[in-house]
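Fit chain B to the supplied structure of chain A, relying on the hints for placement.
Number of protein chains: 2
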Amino acid sequence: MDDLAFEGIGGPVAAIDTPALLVDHDALGRNIERMAEFGRTAGVGIRPHAKTHKTSVIAHMQVAAGAVGQCAQKVGEAEILVAGGVKDVLVANEVVGPAKLHRLATLARQSRITVAVDHPDAVSALAEAARHHDVSLGVVVDVDVGLGRCGVLPGDAVELGQHVSQLQGVELRGLQGYHGAIQHVHGYGQRAEAARAASAQLQAAVDAFQQAGLATEVITGAGSGTYEVQGSSGLFTEIQPGSYIFMDRQYCEVGGRTGEVYEDFEPALFVLATVMSTPAADRVVLDAGYKALSNDAGPALLLDKPGWTYTYGGDEHGIIKRAGSAAASMALGEKVRVQPSHCDTTINLYDRYHVYSGDELIAIWPIAARGRSQ
Amino acid sequence: MDDLAFEGIGGPVAAIDTPALLVDHDALGRNIERMAEFGRTAGVGIRPHAKTHKTSVIAHMQVAAGAVGQCAQKVGEAEILVAGGVKDVLVANEVVGPAKLHRLATLARQSRITVAVDHPDAVSALAEAARHHDVSLGVVVDVDVGLGRCGVLPGDAVELGQHVSQLQGVELRGLQGYHGAIQHVHGYGQRAEAARAASAQLQAAVDAFQQAGLATEVITGAGSGTYEVQGSSGLFTEIQPGSYIFMDRQYCEVGGRTGEVYEDFEPALFVLATVMSTPAADRVVLDAGYKALSNDAGPALLLDKPGWTYTYGGDEHGIIKRAGSAAASMALGEKVRVQPSHCDTTINLYDRYHVYSGDELIAIWPIAARGRSQ
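Protein sequence lines, in the order shown, are assigned to chains A and B.
Residue numbering for the first sequence follows our numbering, beginning at 127 and increasing consecutively.
Residue numbering for the second sequence follows our numbering, beginning at 127 and increasing consecutively.
Hints were generated in silico from the structure; no laboratory data involved.
Check the hints yourself; a few may be wrong.
Copies of one chain are not kept apart here, so a pair can be met inside one copy or by any two copies together.
[Claimed, not checked] Subject to a maximum C-alpha distance of 20 Å in a straight line, what follows is the list of computed SDA-like cross-link-like pairs (lysine to any residue):
#1 K461 <-> R498
#2 K447 <-> P432
#3 K431 <-> R409
#4 K461 <-> D247
#5 K447 <-> G433
#6 K447 <-> G306
#7 K461 <-> I142
#8 K213 <-> E343
#9 K461 <-> G223
#10 K461 <-> I490
#11 K447 <-> L279
#12 K461 <-> P224
#13 K447 <-> G272
#14 K447 <-> G274
#15 K461 <-> A251
#16 K461 <-> A140
#17 K461 <-> H228
#18 K447 <-> L273
#19 K213 <-> V261
#20 K431 <-> A406
In isolation and in its complexed conformation, chain A is listed as follows (with noise of 0.2 Å):
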């Protein structure tokens, strides 16, 4: 296969050149049908969050696996999914200023668009946009139910469902509640409650709204440390989960029903690291600092070398040190596998991600919404 190589595609994965973002093909393939096969067992909708792939391949092997659309958290993304041909995409936040309700607005000539909202006066603006580009806005009212972001407290959920639907241009459709916090609340039993008390804050404004005759057509939310909980309580039509195809360090250690490892969904993104600096017995030294590994969960986690820990050594540096018991050496040049802290941020560093399986790199895959955070 050597003389069909392009960029390595082909080639093993110890030729990638470093820092470079991994996938495993397979580990995605298999956590992208576990997502699937839990939505159709529980009968719920599941609407990946492309804020952490950030790309419209893996959109589309989500939606071939029986997904009902995407969400995004910024009009730039939903831009990148719908040019990339996803025909359902919501905005699962606020959108806020004249020039991205307009982009915004002619998406919806593509796809069926819908947005979060929590304020009368960015629906009156959503709705004038709207009716300027003669489109027609799915909104769904965004439900603060206990993060203490955005989002209107379940008991005004009702007033600002009324003024959406005495709006021209936009269409109620439902409520969101979304809670990011309690995704990574750590022990199972802990994650459940949590996740029972942020759905019962939702519960409120459903009930509220059906009383008022308001739309519930759709209720969104969940993620990947709740969509057991949360997607078959019967209170959800859809779920938003996100990380689930890659998982990250964060997410592992958050604890699972029966052990300390959150093992629903398995590691399936990597960055490779070259040891570049052999200065001690003891300490050796990455190309791969916090600029090729976010740090806003903490630390990375070193794979693959027993007794050997990663800290961050500047943004182009990570020192891996040995304990004293750790027997392996690291020699200059070496390759090693970090898993990241947090998958969403990390991946908004890098342009492309490297797909392997087995020992093969058989695809580079643009990052196409890296960075558009507008």
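Frame of chain A; chain B shown alone:
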């Protein structure tokens, strides 16, 4: 001028969509000139570090002010500089692996290239690549002056220097001794003391080089926190400051010669963000989180709104909270400036600078070396 506007150029800063990375063009110019003036007065070359700005636009401003060239941390950054016409580049970091060595060697066809080394095998591979491409690569022996990252110990520098001297394809130019951590020591006196201790380590290696008859044509190191003490010591032929052009919250807080704020250079880099949600009177949400403001040096600083403070609210959100006494309110759609805690890693999240003078957007500059971590 409106009819000439392109992407808002010629228009007001307030019209820029967010999150956006703002550069104060005039403050940037003053910072560049201040460092250039220091170099002229102290008789030391200024070789600014492009790991900060990542664009040949600013590199050329620095060279026009008298800089001897540029530093880069990665071959990918050096490629952008050389393609942009920078004629003298020091890769102030170890380069390991055949792909990078070939890329580095071919740059020497266009510009004068120097690279840091700390291992005999790495130098031998470097020399082989240089011979393969029929070029000469300059080399400085990297000395660990206390950082504990890359570099040889001062007592081992001569042995490596002699190894370099025996190889065809590489030319020994001198020594590098850079200590990143001391740049941010709080308090002018303590920082100066730490700088002198690092310089003493490097001096030992310089003395040994001279006794051995090895080249000391280039003695390079120092950064924006130690430029004055190290740059005026007589030890260095050139210094490597990067952040001085922009400053950031971390640098401003290290303390100056006479006060709590380090004022040798002016803040010139900001993130413009929009209030996207106003859920409570004492809490609003910005559209700028971990993907808009790096957090490896702690939280960013909200400007222009006394009594309100910024904390990260996730990848795409910032939570702005009001202390009890703050009078001003913050309205939906309002735009505010946030100072990054660390300029280098925040810049790495953006594809372009929005450059302004006064209240007018005057240019958009590509951050061409963003993400070039290989």
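Right, here's what the structure says about each hint:
no.	hint	result
1	K461 <-> R498	between (31 Å within a copy, 19 Å between copies)
2	K447 <-> P432	within (11 Å within a copy, 43 Å between copies)
3	K431 <-> R409	within (13 Å within a copy, 45 Å between copies)
4	K461 <-> D247	between (53 Å within a copy, 16 Å between copies)
5	K447 <-> G433	within (8 Å within a copy, 43 Å between copies)
6	K447 <-> G306	between (33 Å within a copy, 19 Å between copies)
7	K461 <-> I142	within (9 Å within a copy, 43 Å between copies)
8	K213 <-> E343	within (18 Å within a copy, 63 Å between copies)
9	K461 <-> G223	between (46 Å within a copy, 10 Å between copies)
10	K461 <-> I490	within (19 Å within a copy, 38 Å between copies)
11	K447 <-> L279	between (48 Å within a copy, 18 Å between copies)
12	K461 <-> P224	between (48 Å within a copy, 13 Å between copies)
13	K447 <-> G272	between (40 Å within a copy, 17 Å between copies)
14	K447 <-> G274	between (39 Å within a copy, 11 Å between copies)
15	K461 <-> A251	between (52 Å within a copy, 17 Å between copies)
16	K461 <-> A140	within (7 Å within a copy, 47 Å between copies)
17	K461 <-> H228	between (46 Å within a copy, 19 Å between copies)
18	K447 <-> L273	between (37 Å within a copy, 14 Å between copies)
19	K213 <-> V261	within (15 Å within a copy, 54 Å between copies)
20	K431 <-> A406	within (17 Å within a copy, 49 Å between copies)
Checked against the numbered hints above, the structure breaks none of them.
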